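Q: Protein chains in written order, with this note's numbering: chain A, 1 to 384; chain B, 1 to 384; chain C, 1 to 384; chain D, 1 to 384.
For the record, the hints were derived by calculation from the structure and aren't laboratory data. Don't take every hint at face value.
Each pair may be met inside one copy or between any two copies, as identical chains are not told apart.
[As the list claims (entries may be wrong)] BS3-like cross-link-like pairs, simulated, lysine-lysine; straight-line CA separation at most 30 Å:
#1 Lys-97 - Lys-260
#2 Lys-278 - Lys-157
#3 Lys-29 - Lys-6
Note that the structure is predicted; figures quoted are calculated from it, not measured.
Protein chains: 4
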Amino acid sequence: MLTKRKICVVITARPSYSRIKTALIALQKHPNIELQIVLAASALLERYGSAHLIIEQDGFDINAKVFNIIEGENLTSAARTTGIGIVELAPVFERLKPDAVVTIADRFETIATAIAASYMNIPLIHIQGGEVTGNIDEKVRHAITKLADLHLVASPKAKERVIKMGEHETSVYLTGCPSIDIAKELDSEFTNELLEKYQGVGNKIDINKPFLVVLQHPVTTEYESSRNQIEVTLNAVHESGIPTMWFWPNVDAGSDGTSKGIRIFREKHTTSNIFFLKNMEPQDFLMLLKKSACLIGNSSVGIRESAYLGVPVINIGSRQSGRERGDNVKDVAHDEAELKAAIQLQINHGKYESSFIYGDGQAGEKIAQVIAEAPLNFHKQLSY
Amino acid sequence: MLTKRKICVVITARPSYSRIKTALIALQKHPNIELQIVLAASALLERYGSAHLIIEQDGFDINAKVFNIIEGENLTSAARTTGIGIVELAPVFERLKPDAVVTIADRFETIATAIAASYMNIPLIHIQGGEVTGNIDEKVRHAITKLADLHLVASPKAKERVIKMGEHETSVYLTGCPSIDIAKELDSEFTNELLEKYQGVGNKIDINKPFLVVLQHPVTTEYESSRNQIEVTLNAVHESGIPTMWFWPNVDAGSDGTSKGIRIFREKHTTSNIFFLKNMEPQDFLMLLKKSACLIGNSSVGIRESAYLGVPVINIGSRQSGRERGDNVKDVAHDEAELKAAIQLQINHGKYESSFIYGDGQAGEKIAQVIAEAPLNFHKQLSY
Amino acid sequence: MLTKRKICVVITARPSYSRIKTALIALQKHPNIELQIVLAASALLERYGSAHLIIEQDGFDINAKVFNIIEGENLTSAARTTGIGIVELAPVFERLKPDAVVTIADRFETIATAIAASYMNIPLIHIQGGEVTGNIDEKVRHAITKLADLHLVASPKAKERVIKMGEHETSVYLTGCPSIDIAKELDSEFTNELLEKYQGVGNKIDINKPFLVVLQHPVTTEYESSRNQIEVTLNAVHESGIPTMWFWPNVDAGSDGTSKGIRIFREKHTTSNIFFLKNMEPQDFLMLLKKSACLIGNSSVGIRESAYLGVPVINIGSRQSGRERGDNVKDVAHDEAELKAAIQLQINHGKYESSFIYGDGQAGEKIAQVIAEAPLNFHKQLSY
Amino acid sequence: MLTKRKICVVITARPSYSRIKTALIALQKHPNIELQIVLAASALLERYGSAHLIIEQDGFDINAKVFNIIEGENLTSAARTTGIGIVELAPVFERLKPDAVVTIADRFETIATAIAASYMNIPLIHIQGGEVTGNIDEKVRHAITKLADLHLVASPKAKERVIKMGEHETSVYLTGCPSIDIAKELDSEFTNELLEKYQGVGNKIDINKPFLVVLQHPVTTEYESSRNQIEVTLNAVHESGIPTMWFWPNVDAGSDGTSKGIRIFREKHTTSNIFFLKNMEPQDFLMLLKKSACLIGNSSVGIRESAYLGVPVINIGSRQSGRERGDNVKDVAHDEAELKAAIQLQINHGKYESSFIYGDGQAGEKIAQVIAEAPLNFHKQLSY
């Protein structure tokens with residue numbers, strides 16, 4: 001009789017869950033897999049959207065919760081949060097004894113998962129390596145590639161890059177991104193009724209008229225200017241007068257710089273066209289996005305899901321620089337005039353055609369299959 | 001007026017000091033550099049050779065000491081030691097405010113230095129990237145390359161590999177390895193008088209007759225077999241009857257497996273031809289090596305300094321697999337018969353010609369010059 | 001020549017600063033003292049009132065900042081925050097080499113200061129031991145007494161209790177509480193102009209008409225009910241219609257239970273008579289308190305400063321149970337009807353006479369004198 | 001139906017196991033108790049006697065292992081080890097959800113257990129409070145008393161002291177010390193055959209002729225002199241020429257000072273009358289002690305079990321100062337002449353009569369009964 005592979009997936013933030021959800025469903029169903037889920041960092045905190053509650057509602061059991069965020073509005077705390085992550089994840093892995101550990105994408109704290117697993121001789125599977133961006137994420141992503149034993153990438157170029165970096169071809173699999181799976185399966189429309197279940201501040205918008213969605217995260221290597229940057233966007237959106245759904249940023253050093261910018265702006269201005277909210281279930285968010293006239297900000301959702309959905313996007317600043325993008329993306333600097341012009345342009349253009357750069361909507365199934373069948377090792381050597 | 005560059009070098013173990021010592025001397029003398037030295041991990045502990053005392057005797061000031069080793073004979077403790085390293089180094093960097101941080105080579109705990117610095121937006125300089133070996137070191141080394149902004153490599157092939165991994169050519173400098181500088185400058189001979197100052201257990205050997213040097217570290221990914229492996233070497237060396245200087249291994253998960261193997265062997269056998277000792281000043285060690293008939297083990301000193309010195313070397317097992325080596329190295333498996341044959345072969349051969357694969361003896365000066373003059377950034381992107 | 005005593009005061013929260021401020025001023029002026037200030041925990045965080053900025057504005061230099069709060073809405077995080085506090089404070093003490101360490105009162109994280117100092121053989125001075133309350137503070141306070149070498153207490157009964165617990169009489173000094181010093185020195189009145197500099201949410205009140213002040217912290221041992229408890233107070237105050245200044249609670253496990261209660265209440269009700277704010281400079285707060293018609297909540301300021309100021313106080317629940325109090329305090333349970341009745345009663349009564357239970361306003365000077373002159377030891381034994 | 005009480009016992013060192021073993025047996029048998037055992041600190045390390053192996057051999061299941069010792073020969077590391085202990089024990093308690101936590105005696109790291117449990121609102125049971133000694137243990141012991149909810153003490157005077165410190169009489173139970181239970185049950189004699197199973201260095205002694213047992217720990221508050229102190233004892237015992245069983249000290253800051261003293265002494269002298277060993281199973285050790293002519297050192301076993309066994313004891317220095325002792329104990333300073341005279345005196349005297357100060361041999365049963373039946377609370381207040 002076959003022993004099931006114990007696969008431990010570590011999720012550290014709300015957006016990472018969207019990048020793995022359909023793979024979790026497929027892993028949970030797979031006859032040869034015993035799924036273990038570990039939540040850590042901001043995935044456990046209310047002020048970052050209580051991802052743990054969403055994940056439990058979706059029917060997943062949580063095997064361990066790791067609280068590792070050191071509070072402090074600075075980069076030192078980001079580094080120390082990562083250190084505590086390693087200290088805490090190692091005994092969790094020792095207890096759960098997984099046959100492989102899965103780490104997702106490139107948030108700063110995910111390197112804790114990668115180090116704990118690889119140092120403990122547990123095969124490490126990395127989802128979504130090989131992409132190129134600005135920011136500390138860029139360093140983190142490629143460093144994790146060098147710690148990982150198996151690479152499940154989202155685009156052909158990403159596959160090419162991982163191999164170029166010295167990983168053996170047999171260890172790199174092109175699966176696409178699970179977030180596209182969710183975008184593909186959207187079967188109903190976002191409605192005003194649906195909006196009722198979300199709390200926030202400001203005036204709720206009418207979802208049946210054209211509206212903007214804003215999702216702008218702080219950029220860690222530009223820490224001090226994160227407050228200025230958010231103000232540029234606030235001004236432009238405020239003055240556009242277009243109804244807007246504005247999402248608070250996730251946790252990062254500088255998060256509070258951005259958050260503070262928003263808070264102070266709201267004290268000084270009557271932002272009557274903007275509804276601010278913290279979080280939305282992934283599927284609801286994508287339905288909202290699909291219906292929106294334009295997405296503004298620097299989230300990777302503008303690069304990935306929006307490509308598949310054909311949503312017009314204005315990508316601001318350096319955070320996504322280097323990432324492959326479809327025709328639907330208009331890049332601008334943190335410049336108010338440029339941003340206003342781009343809003344006008346995208347509103348006028350309307351929907352774009354779908355692009356399949358980041359997958360065709362089968363990523364979850366493909367990922368589960370690779371994880372169930374690929375050889376698992378924890379030894380490797382540069383291919384050249 | 002020029003502000004001096006504050007350069008913070010983090011040293012985490014006795015052998016790492018030999019890999020940086022001549023660079024420290026050159027940095028200390030350089031008019032545009034303010035040198036900061038941070039000691040961490042086993043560099044501070046008596047049972048790993050009290051590197052801190054040696055470094056202070058050499059005239060360097062220590063700016064901070066970071067105790068981060070979690071005791072425990074397992075890989076979990078190695079991971080957690082690394083986590084504590086990040087937690088502790090981050091506030092040290094915050095206090096010292098260096099313009100760049102230097103991390104040396106590829107020991108597991110050095111990634112703590114790399115993460116703390118890169119996450120805090122401090123330019124990271126990596127010494128001796130681009131080499132290829134077996135073991136967790138292999139993953140650590142390349143992961144640090146992806147976190148580092150400036151690469152000071154020891155060999156032409158290493159330079160080529162770092163560039164291939166996606167680092168920009170302008171950020172990679174070929175300097176050679178500082179350990180070769182020390183080998184080059186050896187101006188006197190090791191004598192029995194010199195041996196007097198070192199304490200150890202067993203019979204002291206006569207340095208003027210042919211003798212072996214053994215330096216064998218545990219291999220973390222083969223943790224459980226480290227005790228068996230050391231026994232193979234102990235048997236072969238014991239039965240050879242050749243006078244031997246045997247050095248205890250440095251800290252690693254498994255260290256105690258190896259150490260225990262030695263202790264138990266000594267209880268069962270009268271190892272009258274072996275003198276066991278913990279540590280030797282780097283220069284003394286090289287003089288000893290230069291005079292030895294053969295070096296046995298898996299230390300990188302067999303690959304590097306020994307190449308320059310032309311010392312016959314028997315390299316055991318996978319730890320140095322993939323590293324460029326000179327003609328002086330004979331590779332063997334953990335096999336007693338094979339090892340005995342190799343001892344005979346190398347004793348019969350005698351000294352080899354010098355090879356300059358790892359540098360011509362100017363590495364310290366070259367490193368200091370690059371560190372003083374190269375542009376310092378903390379932003380980068382994959383070159384392809 | 002006399003060497004100055006190096007005295008290291010560790011401050012971990014905004015309210016603790018009020019309990020030590022006048023002593024810091026006196027220590028700074030004292031010719032035989034070299035004052036060191038270490039800030040930790042919530043004293044460094046914006047969402048708990050940025051005590052560090054206030055302290056710097058008051059002219060004190062900060063020798064070290066220790067970020068040790070592990071985010072998480074639970075008691076486990078409170079314990080782990082304390083653990084990280086020890087881990088981080090120990091190297092700070094090693095670097096600063098104080099002749100004695102001062103820890104203030106009884107917040108949960110202050111035991112980290114006590115353990116780090118006493119384990120490192122540094123004489124430990126405890127401010128405000130010997131009092132009796134409910135809550136985990138009660139355990140923490142007396143445990144610190146048993147770790148401390150010198151006890152500077154605020155009331156005669158506190159002195160008696162510390163000695164009864166087995167401390168030697170010669171190590172216990174009655175100094176009073178520095179917070180009373182500030183209350184004594186108030187020389188001007190709180191005005192609407194002064195209120196301008198404080199930001200908050202809700203309608204600002206007119207300071208010249210009767211108003212309430214609310215300051216209610218979560219009670220850790222009653223964690224789950226903290227949200228219900230705050231709602232009782234919110235209802236009663238809301239329905240009273242009396243203009244109210246409401247201060248957010250400080251950090252504690254459960255803080256977010258209380259905070260959440262406030263946020264949700266505000267979403268459901270138009271709390272037009274309440275102005276919510278985060279923080280106020282200690283002196284401003286006392287002027288506000290002096291002018292207020294009644295203080296409501298469970299803060300120790302209602303027991304101490306209010307006694308001296310003669311302000312009517314309604315003390316809710318168990319948090320201050322056991323603490324000596326003046327006639328100005330009316331105790332109530334978390335019961336809406338009882339609370340409403342007490343508000344009516346205290347409003348009708350008006351100001352009380354001053355009581356000197358917690359000091360006569362000279363505490364800062366007395367504390368500095370004891371710290372400068374008392375023998376410093378780190379050895380002690382139970383007195384019986 | 002009755003739910004079993006989940007009782008979690010945390011053991012942090014080899015000697016603590018002897019202080020709880022018979023209680024563990026009784027708890028394991030008790031129908032209303034579900035026993036949980038957590039091992040931490042030196043209880044898990046080979047160089048401190050691998051207590052975990054002994055405990056498993058005795059038939060106990062280990063629910064969690066916590067590695068928290070930060071290596072470093074200094075007091076800072078002792079403090080930080082305690083901090084890591086809290087950080088790691090808190091999630092273990094969260095996972096095991098015990099109804100009460102048991103902490104044993106007064107080793108420095110045990111306060112980590114006390115803080116984690118009390119901060120998490122878990123009733124804390126303290127074994128062996130109320131005693132008086134020198135050293136940091138004194139502070140730790142009484143601080144734990146103030147954190148604990150239930151006190152199970154070993155002697156009538158201890159009970160009296162705990163109550164005097166302000167604990168309520170109903171929470172203090174006199175049970176005696178479980179180590180006496182083991183001493184009572186000794187049913188066979190230590191033999192040379194038994195000695196065979198223990199490894200060590202030096203010449204094995206003949207157990208049938210008069211011999212000494214030495215067990216001397218470093219005293220943390222006299223850190224620097226620990227090496228001198230051990231040399232005094234080594235000299236006296238060496239020169240006595242009497243066959244001696246010498247046990248290595250347990251972990252403490254300064255451990256390596258003591259250990260180093262022993263190692264260096266052995267290099268300089270032929271200590272032919274001394275057999276050095278690391279550990280012995282508790283029962284074997286007591287049989288050895290029972291047969292010995294005299295116990296020398298500063299271990300509490302000289303005060304407790306030896307009282308019951310009537311073994312002559314020479315207690316050196318301040319470590320046990322203040323502890324109640326029987327007539328069998330002769331106290332001396334760290335003075336060679338004094339020590340030599342005392343050896344002579346005790347050898348001449350021979351066995352003493354049994355004393356029951358620390359219990360009559362029923363402690364394990366009594367402890368289990370109290371733990372199973374006493375009311376469990378986590379609220380308390382000073383009794384005066």
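Q: All hints, please: hold or fail.
A: Going down the list of hints, with the structure as the test:
no. : hint              : in the structure
1   : Lys-97 - Lys-260  : between (42 Å within a copy, 26 Å between copies)
2   : Lys-278 - Lys-157 : neither (33 Å within a copy, 50 Å between copies)
3   : Lys-29 - Lys-6    : within (13 Å within a copy, 35 Å between copies)
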